[in-house]
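Asks: Sequence:
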Amino acid sequence: MSEKWTPTRGSYAVDTADNRIGEVRRLFKGSAYLVPPGGGVEWAVQPEALRRPTTAEVERARVWTTPVGSR
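Position in the sequence shown counted from 1, then plus 159, gives you the numbering used here.
It is worth saying that the hints were derived from the structure and are not from the lab. For each residue, glycine too, the CB sits at the ideal point set by N, CA and C. Where hints are given, some of them may not hold.
Each pair of labels, with its calculated beta carbon distance range [as the list claims (entries may be wrong)]:
id, residue 1, residue 2, range
1, 188, 218, 24 to 34 Å
2, 185, 210, 12 to 22 Å
3, 217, 192, 10 to 20 Å
4, 184, 207, 15 to 25 Å
Taking the hints into account, I'd like the entire structure generated from these sequences.
Replies: Next up, the structure:
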């Protein structure tokens with residue numbers, strides 16, 4: 160059985176409705192509010208509909224948010 164995971168503010172999570180990854184910006188009144196890596200329009204989702212991202216998904220999100228030349 161897999162370990163229980165709960166989204167936290169500042170972490171990445173995947174919306175299982177459409178497999179979009181986003182950064183959890185806030186948890187409020189039973190919803191998690193995410194923004195796409197690199198910015199964009201925030202969307203709300205029930206925390207139960209989120210899953211922990213894979214290592215590959217997190218790495219891809221970090222590529223989108225890392226400024227060129229900062230490595």
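Asks: Are the hints correct? Go through all of them and say.
Replies: Hint check:
1. 188 to 218: 24 to 34 Å: Once the Cβ atoms are compared, 32 Å apart, the range 24 to 34 Å for residue 218 and residue 188 holds.
2. 185 to 210: 12 to 22 Å: Holds, at about 19 Å.
3. 217 to 192: 10 to 20 Å: With Cβ atoms ~19 Å apart, the hint holds.
4. 184 to 207: 15 to 25 Å: holds, 18 Å
No hint from the list above goes unmet by this structure.
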